[in-house]
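**Q** Each chain, written out:
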Amino acid sequence: MNGPTTIAMFQDAVLDPAKRAHYRLAWLSTVDHKRIAVLYMLTALVFFVIAGVEALFMRLQLAIPNNHFLAPDTFNQLFTMHGTTMIFLVVMPVTFGFVNYVLPLQIGARDMAFPRLNAFGFWCVPLGGILLHFSVLAGGAPAVGWFAYAPLSETPYAGWQGVDYWAIAIFVLGTGSISFAINVIATVLCLRAPGMTMRRLPLFTWINFVNAFIILAALPVLNAGLAMLLIDRQLEGHFFLPAHGGSAVLWQHIFWAFGHPEVYILALPAFGMVSEIIPVFSRKPIFGYEFVAASSVAIAVLSMGVWGHHMFTVGMGRPLDVFFAISSMLIAIPTGVKVLNWTATMLGGRIRFQVPMLFCIAFLIQFLIAGITGISHAIVPLDWQTKNSYFLVAHFHFVAVGAIVFAVLGGIQYWFPKMSGRMLSESLGKWTFWLMVIGFNLTFVIQHFLGLVGMPRRIYTYPDLPNWGWMNMLSTSGVFFMSASALVLVWNLAVSFFRGKIAGDNPWDAWTLEWATSSPPPHENFYALPPIRGRRPLWDIAHPDRPDTIVGPNTADVTLPDHNKTGILAFIFSEAGFFGILILSYLYFYAHPQPGPGPHGLDLKRTLLFSVCLFVSSFTFWRSEIALRHKRRGSMLGWLIFTIALGAVFLVGQVGEYWKLFQSGVEVSTNLFATAFFTLTGFHGLHVFIGLVALLIFLWLAWQGDFASGHGSAFEAAGYYWHFVDIVWVFVLFTVYILPLFQ
Amino acid sequence: MSSSNALDPQSPLARAIYDLGIVSGIILALIFVIVTGGVVYAIFHFRARAGEPDPNQIAGNRKVEVTWTVIPFLIVVLLFALTLPAMNRADPPPPPSADVVVTGHQFWWQADYPASGVTTANEIHIPAGKPLSVRLESKDVLHEFWVPKLTRKMTNVPGQPNHIWLQADKPGTYIGQCSEFCGTQHAWMRIVVVAEEPTQFEQWQQTQLRPAQAPTSSATTKGLELFRTSTCINCHAINGVPGANSRVAPDLTHVASRRQLGAGILENTPSNMRAWLKSPQHIKPGALMPDYSLTDEQLDQLSEYLSTLR
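In the order they appear, the protein sequences are chains A and B. Numbering of the first sequence is given in this note's numbering, commencing with residue 161 and proceeding in unit increments. Numbering of the second sequence is given in this note's numbering, commencing with residue -14 and proceeding in unit increments.
None of these hints come from the bench; they were simulated from the model. Where is the CB? At the ideal position from N, CA and C, for every residue including glycine. Please note: incorrect hints may appear among the correct ones.
What the hints assert, rightly or not - Computed spacing ranges between beta-carbons, pair by pair: (1) P479(A) - P156(B): 33 to 43 Å; (2) L769(A) - P275(B): 56 to 66 Å; (3) G228(B) - R766(A): 55 to 65 Å; (4) L194(B) - H228(A): 37 to 47 Å; (5) G22(B) - I887(A): 48 to 58 Å; (6) L15(B) - R659(A): 44 to 54 Å; (7) L220(A) - L15(B): 31 to 41 Å; (8) H703(A) - I56(B): 32 to 42 Å; (9) P275(B) - L390(A): 27 to 37 Å; (10) Y687(A) - L15(B): 49 to 59 Å; (11) A751(A) - Y26(B): 52 to 62 Å; (12) L395(A) - E252(B): 24 to 34 Å; (13) T21(B) - I701(A): 33 to 43 Å; (14) T21(B) - N627(A): 18 to 28 Å.
The following block holds chain A by itself, in its conformation from the complex (with noise of 0.2 Å):
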């Protein structure tokens, strides 16, 4: 209970206004884990407030028919910064939250791997909900909907900067919550504890560990496609204007395959949620555990697939309608058979009804709901019938706030104590929950009725057609019901913060790691750890008389991987993503040129050459490695210098060729070809930029007397870094220059 603990600290500099300042700056700075899942908390309440009365706005004004209460645009700009901050500065921020406090003590690990990147992966909340909202200041709010179909969202039909703004805003978020992922694919991996295998990580830790990679294949496309987006709006290109050959299909589908893992990236968390309370509350081990764990994987890889189903209206042809109706029906068998573990782990318990429990209950029905009407769209002409009505709006906001936000609420009630040492009311608790099911049924039922009579979504008013005003008044009474329910919340939060009653170690009798040390824990977590030997610790130790059968073989004496290396492949792996919508797209154009320069007037010959220099530095890295490891200092460098020079020279080519175009008159706004060619070799030139900075960083710090052991991991990551761009190199110099040849 004491010792230099996150929460403690922080109501000392409360009370003490002598040590406030010093706190304050330490809470800004800090990199333990504790922390920064508290400061990712405490930015997705004040985000979940701003965008929470953006919705209590749209719902006044679509109360009654005809309503003038606001006007068009500020509608459209309230729906467009509702959707896009809840997704992004809401259910994102707080299940990082919850997985940056609670990933690393059900694991035993001391830290996040990456600590400062940890702290860079919240700050990049902040900057980006700052960069968003700034837009209200510079014109104008975004007015394009949280997908900013194009070709809407372009300069022609929405001149001012709003688009910019939430396009770099998103960008900035989707880079931390790349970073993120990083660390907790390394985390995982590295920094178990002896005797935590992967097949006994908890399911909320292990649920997390595959979304992690789920945000590493889709946040990358997104940021690819807001990069186009940025370059058509800042650089007058033509991705996405049908009218200079571009393709508004084509922003619908890199949406789409962000979009779609995005939903999950927001509902597994919910589901490791639910994972660890449910057991818990039926006093019970999870029903199914391989099931469950295997069911996420498989929820993972069908995600990548499934995007499709979001465009059965755009026309793709009946192929691909029956592809994506498939691929969508069979997600709908993994996430079943969890529900279905869920009830069985409840059948059989001792359950107890208290908050966390009461939330996971009402999770699982209005989850069923959601999955049900999300069959239906797979059913593609049911989805012809209630795709962008209001069906559809009732359909995810089933998912967002019937489970996950239901979900997240049990799983703040089950960990506030962990994290401030102190329980939340249960009354207040009962309070909200009560509140929360009766505001958000009433809102969210009928409005799957609205969509069948015909409403569709995002219009700002409607005529008093048959049924639509009762629906939607009875609609709008629930949101104050919610309203209400938020408000006991916070207020809870407040008071049990400084007068709940204190939590002790382990108020839930629950099973995992998190709860063998004290609450809140210290700054290191753990001053010993318990024996690991199968899925609960705990209750081996509670129940010495009847423990868990042992979880596969011990493996406490096998290494574990090197997180630097582990990174870096993660973040490999995400920029793979990058570049192959952006080679993808590439592609695409190609098969469809335009009129005005193509690729053959490209000097392949002078490129070849300057190819040969950057492949060259790939195998000079190695040699370095390799005198690194032989302690050979003076060899490491020169060889490394040899890189760096190569590279160098790789990038004079590059800005030459790019030169010689602009002397000829080729712009990114000239046509398509321009605009893709550019793009994507300039972003492969960015890449090489960076790599050149990291290894001059390298050279400078050899040069100091670093890494004399000849240990360097960190040099290796840095070396898998600066292959995997002359990898790339190969598919763009195959898929600009040499594709040409053949035709």
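Take the given structure of chain A and dock chain B to it, following the hints.
**A** Below, chain B alone, put in the same frame as chain A:
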């Protein structure tokens, strides 16, 4: 009053979707009842009572789990088997040429009938009982054509024409609207489909093909003059008025014959027409038609002229 209720299908196309919805709805409702039943049973039967020890620690049952992985798979196969034929019933393959071309604009619909040459706006007339082939296009951003009682929705994509079938069993008025967010006035981009007996439809087409009614009074003559000398003529077409052939804004040749103004925001009455001309930006802020400072007299003349264009 006409409605846009998808639960009241009025064509074989919409009915194919509706029937599929009923069948799959029953299957999905059964799933809901069974699983919820399990949860409710657990809530009432396995409530913890004070002093009870922890229950049996059952960690799973492979057979049960495999079973409940296979059963959803079979359900999914069944749903897919229902889906595939319904797709073809609700949206049969298109013929080579379209009967109607519906083009989305910010924020109104243009309807062209290639065979007859009729052009109109926001109000599509079709002969009852006959499936019409419709090509969907867009002049600017994405729009989406949705008339729930009659057919599936489909996006109007600039640069990529899409196809749907449109049919109504009986004569009547069927309403719908743009369902893909398209900008400021997306809410008022409504559409009316008027199904008529084939002879009436033929008559309507003949009327629409006639050039505009020439002005007969001095007020309407001045109204026409205002149309030509103000900037109206830059965007609007009136068949029979020299130089008035722009397709940027709705064709006005027979504007008075249409039911609504501003793509559904006003009933088409002479007084509403006058109010619209006085300040379209007041009535439909963000519409691409700007406000003009017309005098009261000019407003009378212009609205009187337009009201004669039946």
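**Q** Each hint: holds or not?
**A** Evaluated hints:
1. P479(A) - P156(B): 33 to 43 Å: holds, 37 Å
2. L769(A) - P275(B): 56 to 66 Å: Holds - the Cβ-Cβ distance for L769(A) and P275(B), about 58 Å, lies within 56 to 66 Å.
3. G228(B) - R766(A): 55 to 65 Å: holds, 56 Å
4. L194(B) - H228(A): 37 to 47 Å: holds, 40 Å
5. G22(B) - I887(A): 48 to 58 Å: Given a distance of about 55 Å, which is inside 48 to 58 Å, the answer is holds.
6. L15(B) - R659(A): 44 to 54 Å: holds, 49 Å
7. L220(A) - L15(B): 31 to 41 Å: holds, 38 Å
8. H703(A) - I56(B): 32 to 42 Å: Cβ of H703(A) to Cβ of I56(B): about 34 Å, so the range 32 to 42 Å holds.
9. P275(B) - L390(A): 27 to 37 Å: Taking Cβ atoms as reference, P275(B) and L390(A) lie about 31 Å apart, which means the hint holds.
10. Y687(A) - L15(B): 49 to 59 Å: holds, 54 Å
11. A751(A) - Y26(B): 52 to 62 Å: At roughly 57 Å between Cβ atoms, Y26(B) and A751(A) fall inside 52 to 62 Å, so the hint holds.
12. L395(A) - E252(B): 24 to 34 Å: This hint is violated: roughly 47 Å between Cβ atoms.
13. T21(B) - I701(A): 33 to 43 Å: Roughly 37 Å apart at Cβ, these two residues keep to the hinted range, so it holds.
14. T21(B) - N627(A): 18 to 28 Å: Distance hint for T21(B), N627(A) holds at roughly 27 Å.
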